[in-house]
Amino acid sequence: MLQNKQILKPEYFIAGKIQSGGVSGRKLAGPVLKVAVGGIILGMVVMILSIAIGTGFKREIREKIVGFGSHIQVVNYDFNLSYEANPIRLNEDLFTAIGELDGVRNVQRFAVKPGLLKSEEEMQGVVLKGIGDDYDTTFLESILQEGNLPDFTGESPANEIIISSTLANILNLQLGQDVFMYFFQEQIRARRYTIVGIYDSNLPDLDKMFVVADLRHIQRLNNWDADQIAGYEVLLNDFDNLDQLWYEIYDLTASYISPDGAMLRAQSIRQTQPQIFSWLDLLDMNIAVIIVLILLVAGFNMITGLLILILERTNMIGILKAIGMSDWPLRKIFLSLAVRIAIRGLVWGNLVGIGLAIIQMRFGIVSLDPASYFLDTVPIHINLSHILLLNAGAIIAIFLMMIGPSYVATSITPVKAIHFD
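Sequential numbering from 1 applies to the sequence shown in this note's numbering.
Don't take each hint at face value.
As the list claims (entries may be wrong) - Derived pair list, reagent style DSSO-like, types lysine-lysine, alpha-carbon separation capped at 30 Å: (1) K208 with K34; (2) K332 with K321; (3) K208 with K118; (4) K9 with K321; (5) K9 with K34; (6) K34 with K332; (7) K64 with K208; (8) K34 with K321; (9) K208 with K9; (10) K118 with K64.
To be verified - Pairwise CB distance ranges (calculated): (11) N106 with D376: 22 to 30 Å; (12) Y373 with D178: 28 to 36 Å; (13) V339 with L296: 16 to 24 Å; (14) S372 with S156: 37 to 45 Å; (15) N383 with A254: 29 to 37 Å; (16) V112 with I188: 13 to 21 Å; (17) W279 with I257: 33 to 41 Å; (18) S326 with R362: 47 to 55 Å; (19) A254 with E155: 33 to 41 Å; (20) N106 with V339: 49 to 57 Å.
Everything labelled a hint here was simulated from the structure, so no lab data went into it.
Predicted model, so just to flag it, every value in this text is computed and none were measured.
No residue lacks a Cβ here, since even glycine has one placed at the ideal position from N, Cα and C.
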């Protein structure tokens, strides 16, 4: 019985009748409600797409940066930025301990060495990155356009490399072609490699820098032992755990000292690529500004619609006040009406916004210029928690903005309202 009384409260009954057009007025309710709902739908679609595209763009760029340098690197404490790395010795206990940390996907050896890649007509400074059979090649396989990866499993290292399409265009090189690479040490050393694969990550600065080969080539060039490497690369399951796992790996490596006296340090991808991640963090501010502006526009649209509805129902307000309705139930009529309009707009806005996002995610209909945006299609990443928070925030913001206009209904006097024309 109590539940039925709550459903049949006069203010909610009247709000429902106004929304359905069951309460006579000046014939403006229909267009006003449609415009208000349409504004919320459009705003919700834009906000959902803004968040999905923004997070998708950050995710794609971040994964590409991580693909070239991993989430965390463990290197010699004297590691410098010249790419001529001071070696460390492989420690199986440390290697295993890092790999057993919760959240670590893979630990892999690596080494780097700068050199000069030369074709018959052109030359380009590059960094030869050496990887072994323990390397997670998922990223390299995802960006490989032609050919295959070098063979890392042979008893002796194969003279095979993969280069980017950017380097191939600069040096006029093709798949299967032999190319010389020169290394400057006490004396110039030359090595001939066969191009077995061509990749394209759409990040030109990194594409024209890295050439991938067998780790053992760099060990031989540097006269290192078989257990000497530049460091470990650590891949994580979730980027959000980067800081926590960096601290854990830092604790593991801080007390380590190799037999030859070398110390280790851990560095995260945020520390090695601060400019890129600072740029990506600015996207969050841009998205927040867009959301605030759209909420303000939708809110003012709702305020205008509510004021028009109040003016249209001035006679009704006067009659209700004359028969004894107090101010709060009167305000609840229009607040309830505003919430119903908002929920209707949010439902349709979510359906349209998420639908468009899924279509773009599946089919990549909207394309981009990789030279300008580092991606060939508009990236989409749908996060359910973001969508729920966006809807909750929109409902709260619109409701709070409706409180002020609802007071207009309470300021109308019965005598003037009944004679209002």
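Comparing the hints with the structure gives:
1. K208 with K34: 54 Å, violated
2. K332 with K321: The given pair, whose Cα atoms are some 13 Å apart, holds under the 30 Å limit.
3. K208 with K118: With a Cα-Cα distance of about 13 Å, the restraint between K208 and K118 holds, given a limit of 30 Å.
4. K9 with K321: At roughly 16 Å apart (the allowed maximum being 30 Å), K321 and K9 satisfy the hint.
5. K9 with K34: The given pair, whose Cα atoms are some 25 Å apart, holds under the 30 Å limit.
6. K34 with K332: Given pair K34, K332 holds - Cα atoms ~21 Å apart, limit 30 Å.
7. K64 with K208: 14 Å, holds
8. K34 with K321: At roughly 28 Å apart (the allowed maximum being 30 Å), K321 and K34 satisfy the hint.
9. K208 with K9: Violated, at roughly 71 Å.
10. K118 with K64: Answer holds: K118 to K64 is near 26 Å, not above 30 Å.
11. N106 with D376: 22 to 30 Å: Because 27 Å falls inside the window, the suggested range holds.
12. Y373 with D178: 28 to 36 Å: 35 Å, holds
13. V339 with L296: 16 to 24 Å: Since V339 and L296 have Cβ atoms about 18 Å apart, the given range 16 to 24 Å holds.
14. S372 with S156: 37 to 45 Å: Hint holds: Cβ distance 44 Å, inside 37 to 45 Å.
15. N383 with A254: 29 to 37 Å: With Cβ atoms ~35 Å apart, the hint holds.
16. V112 with I188: 13 to 21 Å: The hinted range 13 to 21 Å holds for V112 and I188, with Cβ atoms some 19 Å apart.
17. W279 with I257: 33 to 41 Å: 37 Å, holds
18. S326 with R362: 47 to 55 Å: The hinted range 47 to 55 Å holds for S326 and R362, with Cβ atoms some 54 Å apart.
19. A254 with E155: 33 to 41 Å: About 37 Å separates the Cβ atoms of A254 and E155, which means 33 to 41 Å holds.
20. N106 with V339: 49 to 57 Å: Given range 49 to 57 Å: holds, Cβ gap about 50 Å.
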